[in-house]
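Participant: Since the structure of chain R is already known, use the hints to place chain H on it.
Each chain is listed here by its residues.
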Amino acid sequence: MTSELRNRLLALGAILVAGGALAWVAFGSIGENLVYYWKPSELLAQGDKAFGATVRLGGVVVPGSLDTSNPASLRFSVADSHTPGDPSVQVVATETPPQMFREGIGVVVEGHFKEDRHFHSNRLMVNHDNNYRAPTDGGSLSDEAWKGSLSQNN
Amino acid sequence: MPYWSPLLLLAVVVAAIVAHLALPSVRPWLWKAVAALGVVSLTAHLYLALEWAPPEQYMSDVGRILYVHVPHVWMCLLAFTVNVGCSIAYLLKKSWRSDALAEASAEVGLYFGACGVLMGSIWAKPTWGVWWDWDPRLISTTVMLLAYAGYLALRSFTDDPERRAAWSAASAILSYISLPIVWFSVKWWNSLHQQQSTPDTVDKPMTVVLRWGAVTFLCFLFVFIVKRYELARARQEGALTFSMPAAVHPEGIENVGMGVVQGGWEYVYAAYGVGLLGVVLYAVSLVVRTKESKT
Chain R
1 MTSELRNRLL ALGAILVAGG ALAWVAFGSI GENLVYYWKP SELLAQGDKA FGATVRLGGV
61 VVPGSLDTSN PASLRFSVAD SHTPGDPSVQ VVATETPPQM FREGIGVVVE GHFKEDRHFH
121 SNRLMVNHDN NYRAPTDGGS LSDEAWKGSL SQNN
Chain H
1001 MPYWSPLLLL AVVVAAIVAH LALPSVRPWL WKAVAALGVV SLTAHLYLAL EWAPPEQYMS
1061 DVGRILYVHV PHVWMCLLAF TVNVGCSIAY LLKKSWRSDA LAEASAEVGL YFGACGVLMG
1121 SIWAKPTWGV WWDWDPRLIS TTVMLLAYAG YLALRSFTDD PERRAAWSAA SAILSYISLP
1181 IVWFSVKWWN SLHQQQSTPD TVDKPMTVVL RWGAVTFLCF LFVFIVKRYE LARARQEGAL
1241 TFSMPAAVHP EGIENVGMGV VQGGWEYVYA AYGVGLLGVV LYAVSLVVRT KESKT
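Chains R and H are the protein sequences, given in the same order. Everything in the first sequence is counted per my numbering, starting at 1 for the first residue and increasing by one. Everything in the second sequence is counted per my numbering, starting at 1001 for the first residue and increasing by one.
What the hints contain is simulated information worked out from the structure, not anything from laboratory work. Check each hint, because a few of them may be wrong.
Computed cross-link-like contacts, SDA-like style, restricted to lysine to any residue with a CA-CA straight-line distance of at most 20 Å [unchecked claim]:
hint	chain 1	residue 1	chain 2	residue 2
1	H	K1094	R	A11
2	H	K1093	R	L9
3	H	K1204	R	L9
4	H	K1125	H	S1025
With the rest of the complex left out, here is chain R (with noise of 0.2 Å):
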């Protein structure tokens, strides 16, 4: 066999292995066995099978929720979305949270969910998403605008 023909027959098994490996992970069952967290949902749709397994759950912290009484164990709720109405469980949290932590943020708790209907977690992580925007908000601002909130914040 020339060295070209190997080559080219490198080229195409090269492509077709990779390919066929891309299209295994997004089209194959791989993406449903793969979970980096439960939505709120999805962990109350475990039922029993949920209590006692070290898991994360990811949501939103339903505004209105947050309770910040008791020093030792921070109480919010964790929804699947802003969207009212949707399932949420109900979270104890004993880690200090990072400071974006806020009402109506997302979030990442990893612990356990027991039979008292509440997940226990010590561990706390926050979710940005993808808007990034300047301090008083309002979507799209002129250029005086922010220029003025930042010279009042400074």
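Facilitator: Same frame as chain R, but now just chain H:
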């Protein structure tokens, strides 16, 4: 700053790249002009990113890491795309130039990718609250960088140039499948890393600075690949003549739920330090290796 200024800069850099490819006579000096342009636009970028752009409403100044993290990762993906293009080209039509360009773009891409991940990790600490977590985006990016590190290792362990070129080209094609997985990982799976931003989700001045940063690092990508390519060619010629033919709220609970990062400039400086130090160190390593290859 007008929104078209990064596009103008991009037009200049693309024109320089096209001229470099098309006109051998400009090759001895044009890369120096692009390097100088890169230094100037990097200086401007530091001002634009650290001072001119507004802070982000929740991430505050820490959000400025966007302007170096994202360009570095973009340059990494661009370099790996050049790598796979050259690898396929080599297999279809044997050319030592394609092989050298594939080697150069893989190494420079790995440099940008490693810096981008480091910056992302520094950014994650004050925003997500952790330096690292094994979410789909971070796993797939790690696998991608390891694949290209393996590609470069394969190249350095194989002595026969023809076998090295053919087999590393095949492994480059296989490594490249990690790119779409990295890109789509945030869409296919639940992840801690946010999905791609668009100009709709980013305020206009921030978009402009992000694009300026991307073109700035494109200058360095080009210069690094050109110099690394020349190094690879010199090595090939040398070789060819021989062988070939959890705590309980210790920080207090009163600030919990404020939702805005307080301070955080140390993280911004750390991330920009990675970028600046990285550019200088990589440039120095190319100079040293070029000198070594000549002796």
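Participant: Next step is simple, just say for each hint if it's right about the structure.
Facilitator: We went through each hint and held it up to the structure:
1. H:K1094 with R:A11: The hint holds at about 12 Å.
2. H:K1093 with R:L9: Holds. H:K1093 to R:L9 sits at ~12 Å (cutoff 20 Å).
3. H:K1204 with R:L9: At roughly 49 Å apart (the allowed maximum being 20 Å), R:L9 and H:K1204 break the hint.
4. H:K1125 with H:S1025: violated, 48 Å
In this structure, the earlier hints numbered 3, 4 are contradicted, and the remaining ones agree with it.
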